[in-house]
Amino acid sequence: MQSGLTDVFAAERVRAIAAAHQAERGALLPILHDIQAEFGYVDPAVEPVLADALNLSTAEVHGVISFYHDFRREPAGRVIVRVCRAEACQAVGANELVEHAEASLGVPVGETTRDGAVTLDEVFCLGNCALGPAVQVGERLHGRVSPARFDALLGEAR
Amino acid sequence: MKVYVPRDSAARSVGADEVAERIAAAAAAAGRGAEVVRTGTRGMLWLEPLVEVETPDGRMGYGPVLLEDVDGLVAAGMLDGAEHELSLGLVDQLDWMRSQRRVTFARVGVIDPLSADDYTAHGGLAGLRRALDMAPADVVTEVTDSGLRGRGGAGFPTGIKWKTVLGAQAEQKFICCNADEGDSGTFADRMLIEGDPLTLIEGMTIAAHAVGATEGYVYLRSEYPDAVATLRAAIDIAYTHGWLGERVLGSDLRFDLHVRVGAGAYICGEETSMLESLEGKRGTVRPKPPIPALEGLFGQPTVVNNVLSLGSVPAIMADGAAAFAELGVGRSRGTQVFQLGGNIARGGIVETEFGVTLGELVQIFGGGTASGRPVRAVQVGGPLGAYLPVERFDLPMDYEAFAASGAMVGHGGIVVFDDTVDMAGMARFAMEFCAEESCGRCTPCRVGAVRGVETIDRIRAGEDREKNLVLLEDLCELMTDGSLCAMGGLTPMPVRSAVKHFGEDFGK
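Those sequence lines, one after another, are chains A and C. Last residue of the first sequence: 158 in the working numbering, with the numbers rising by one and none dropped. Last residue of the second sequence: 508 in the working numbering, with the numbers rising by one and none dropped.
Since the hints were made in silico from the structure, they are not lab data. Wrong hints could be hidden among the right ones.
Said to hold, decoys possible - Computed cross-link-like contacts, EDC-like style, restricted to lysine to aspartate or glutamate with a CA-CA straight-line distance of at most 20 Å:
hint: 1; chain 1: C; residue 1: Lys281; chain 2: A; residue 2: Glu24
hint: 2; chain 1: C; residue 1: Lys281; chain 2: A; residue 2: Asp34
hint: 3; chain 1: C; residue 1: Lys281; chain 2: A; residue 2: Asp70
hint: 4; chain 1: C; residue 1: Lys281; chain 2: A; residue 2: Glu60
hint: 5; chain 1: C; residue 1: Lys163; chain 2: C; residue 2: Asp118
hint: 6; chain 1: C; residue 1: Lys508; chain 2: C; residue 2: Glu436
hint: 7; chain 1: C; residue 1: Lys500; chain 2: C; residue 2: Asp419
hint: 8; chain 1: C; residue 1: Lys281; chain 2: A; residue 2: Asp52
hint: 9; chain 1: C; residue 1: Lys2; chain 2: C; residue 2: Asp17
hint: 10; chain 1: C; residue 1: Lys467; chain 2: C; residue 2: Asp505
Here chain A stands alone, though its shape is the one from the complex:
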């Protein structure tokens, strides 16, 4: 959906995704997850399309998208890396790992490397609290991630 509103195909796909969830009640979140899975992010241009398809106001759709951390408003890097910064991981050096990750990738948390390869994000709890620091690369969970292991994981992912 890089070209936004003018992309007729993308708008059609968004309508098709919404239609696929027609039988479910209150299905906006599953629809947004599907849109993000297909396009990699939720372009602001989908808001009026979804509002029309679901008989909601654009403000309602915008309100939902902007409420949840998961929905990206712009494309991410090819690999998304999320470092856990919750208390249990902080107890075993998560903040130091975040600092290392920022230095190693050359971008602050929340941003994508200039070559578009990696987006660095933080997350609050991956449920791996006895094997921290925990890191998620794509959908894959990793435990006991030292700075050296972080670099190795990123090397494999790239």
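Given chain A, put chain C in place with the hints provided.
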């Protein structure tokens, strides 16, 4: 001959998949037909990847097994249960396991979570079958008599909640499982869903029969993709076997179950916020009353229970209320699935009766810190729970005893910190997290948390310390009393407990 390797995401996070593949390959190369069964985890996470081999005496354990250990283990006769430096002995005989009382987690780590045969062979469906033979009101009475209280943290009696929903008149009622396990230091919901998802499905189906519901939702957080996949697969299996859908187990009960995936909002673990999210809205908190039991999902009477509450129901129905109620202390009946995390030598799952002390969990089960340094603080009950010093290790794990000490048992998560922790920094983090995750509906939480961060920053910078500590206490009191839900209402708990027990970190 069977070899068991966990498929739990914690085990996978330290290489269980690679180990399982390597064992299959090495066994084949040795001309041995080994069936590698992927189970949940036993909860001894410091030993992951933990490999178990079926022997005539029981399951022999090896761990932690690294990829490079596999060939040597197979050559040394692991497939026959031979001794090796990684041998742990019979897993059921290990002190860690023998000292526990596994009720809710009885099958986790033992069975293939997606095998219907394994499930029924290990006692699955006994609770549902018995419940379906009973009148709904009798099932509610049984759950009430068991003393089961909400395992999500609030500790509200589950049977009382069900009774309210049963008594409500409505066209449709819902069962909603809160699996938005966002608290740091808690992972038992995830482990039950990944290790024995059919138990949760069975528990929800019993609830449906008990209150007259026809439809259920599991609200599962997006940070748990493996749990989402496992639960969806388990629901498919349950439908295939007639355990869900029309005429459950041949009875008149119809119950349909759906998985809904969250989208990264901590507040959606609050029950009314979760209901808003399930309806496709922003996850803002609803004022109570009306309570969800009367006006819940889509305005209909709704049971909202945590994964472990619903997951405990099949065992209660199978073995009877008395067997559960005889465990525990005071008004905290049955077992709790405690989770040991953070800077801990032996982290993982300890399911035991209420009444075990905090110190027994941290020092005896947990073995102290992973760093080898002294324990300085533990946070019990998630990000909204109190920080406690070693001097409070005599506290029994009991809802009332913790409440009397300005703390909470919560969801049973215990996070350990060594003596390098900066408690003023942790107090600031509690406020910062609240500011970030507040739904914004009420001012004490939305604005109070921001002011809390600023005030703690001034205290840490040495600005008017005494005055700002008084201001912080005043702010905490206001947030506690004036917030709409537990997010703003309990954020002061870690802050106040840090000031109280670790005042030196605030320059006191």
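Hints, verified against the model:
1. At most 20 Å may separate the alpha-carbon atoms for a hinted pair to count; Lys281(C) and Glu24(A) meet this at roughly 14 Å.
2. The suggested pairing of Lys281(C) with Asp34(A) holds, with an alpha-carbon distance near 16 Å, which does not exceed 20 Å.
3. For a cut-off of 20 Å, the pair hint linking Lys281(C) to Asp70(A) stands: about 14 Å separates their Cα positions.
4. Between Lys281(C) and Glu60(A) the alpha-carbon distance is near 8 Å, which keeps this suggested pair within the 20 Å criterion.
5. Note on Lys163(C) and Asp118(C): the hinted pairing is violated, with a Cα-Cα distance of about 33 Å set against a maximum of 20 Å.
6. A distance of roughly 28 Å separates the Cα atoms of Lys508(C) and Glu436(C); the hinted pair therefore is violated under the 20 Å criterion.
7. With a CA separation close to 17 Å, the supplied pair Lys500(C) and Asp419(C) stays within the 20 Å bound.
8. Under the criterion of a C-alpha separation no larger than 20 Å, the hint pairing Lys281(C) with Asp52(A) is consistent with the structure, at around 16 Å.
9. About 16 Å separates the Cα atoms of Lys2(C) and Asp17(C), which keeps this hinted pair within 20 Å; it holds.
10. A hinted pair counts as satisfied when its Cα atoms are at most 20 Å apart, and Lys467(C) with Asp505(C) qualifies at roughly 16 Å.
The structure fails hints 5 and 6 (numbered hints given earlier, in ascending order).
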